[in-house]
Amino acid sequence: MKAFSRIFKNSRKDALRSQECESERTNTVNKSENNSGCTREHSSPDPVSGTPIDSAELADIIAKHGHAPATAWLERERYHVWRPSSPQSSAGSFLPIQGYLCADGWVFAWGSPIVPEKKEDEIRRVAIAFVEWVQSHHLRPVYCCVDAELEDILGNMGWSTVHCINEDVIDAEHVLELTSEDDKGGHGPMVKDLKKNLRRAARAKIEVVRINREEWTQELREEVEAGIEEWKKNRKGLQLAATSFDPWLDFENRLYWVAKKGEKLVGILILTPAGDSYVIKNCVSFPDAPKGTSERLIHDGLQDLDNKREQGGSMSVTFNISAAGDLEPTRNISGWKFTWLSQTYRNVSKGANLLQRSDFRRKFDASKEPMFVCYLTEDGFGWDGIETLLRLLRR
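With UniProt numbering applied, the sequence shown corresponds to residues 1 to 395, in that order.
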């Protein structure tokens, strides 16, 4: 636990400095050396594939073909993007993409690769190509937040795999049925708490309004930004997150709702498309918001998506990832190595209150789809790797 505490005594400047690494990014121009000897590159074509990808193209691919963890890759100051030098199959409208974090000799692939055709053979080829590229630079690969399909592929290749992450998926139609006036109850304390907070928001006369892209005025943007800054100031404890809170990132693809009490904004909900789902990127009640504001925002956003579904659109919604209660071994790990890793996970989870987010999501009766961390068995995933990852995620 002392080692865990040591991480968070470092300054934010040190944490950001540790993110500089050797990477052949798709946006590259200038190179600079960091203390670890890694090289970070900035802005234009990927020297591996010779194929540039700008942020707009990346956003479009994630929106059409991606998954929840991939939405983090749009933060180009934190995440790097790798593409193979040639297509991994004869079909496909784009080169496969893998987003990752990198520091101090470690490469953390964040989520499964996005491939044109979601076939096992293609996913395997892309994963192998990425790992070979990482190792060619004398770096150690770890896959984080990957789905069961990639976990199965890597596990069968002899990788150690553990389950400590879930993706919290909402059945929007089910949530609306649970909260309807016709519902007869009997759904447990979490759903009861959701209904109670929705009633609180109604009594406080909270109004939720969808804001289309063309309706965003400079004044409205500034009010949102001020509310977010106040929310950040009021957060307590250690903050670990895969993304920061930039409300205007990928503006062209995102959907926005604001909560108002009278003429004052008291919260915001932001959704973004990823493949056949919508991802709840942010849902925030500003510090002076009445209780139930976040629940009201999500409920009304789901109602709008349900209306869209009736017109032929999608209504699959995910909260993105959250920490599982315990770390569970899945493949090629046992004994003292797992015992140590499990205890480390419990310390980190408790120290950073990682389960708090999952508790809120339970109100919406979200199903938990397991996700996995996978690493090379011979390399291991010791304290230096865990410490590096935590520094990268520290906000």
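Wrong hints could be hidden among the right ones.
Said to hold, decoys possible - DSSO-like, lysine-lysine: derived pairs with alpha carbons at most 30 Å apart:
id, residue 1, residue 2
1, Lys350, Lys308
2, Lys308, Lys337
3, Lys264, Lys233
4, Lys261, Lys337
5, Lys236, Lys264
6, Lys368, Lys119
7, Lys192, Lys232
8, Lys308, Lys236
9, Lys196, Lys260
To be clear, the hints were calculated from the coordinates, so they are not data collected in a lab.
Hints and how they fare:
1. Lys350 x Lys308: violated, 40 Å
2. Lys308 x Lys337: violated, 49 Å
3. Lys264 x Lys233: holds, 19 Å
4. Lys261 x Lys337: violated, 53 Å
5. Lys236 x Lys264: Judged against 30 Å, a Cα distance of about 25 Å means the pair holds.
6. Lys368 x Lys119: holds, 23 Å
7. Lys192 x Lys232: OK: Lys192 and Lys232 at ~29 Å, within 30 Å.
8. Lys308 x Lys236: It is violated: about 37 Å lies between the C-alpha atoms, which goes past 30 Å.
9. Lys196 x Lys260: holds, 19 Å
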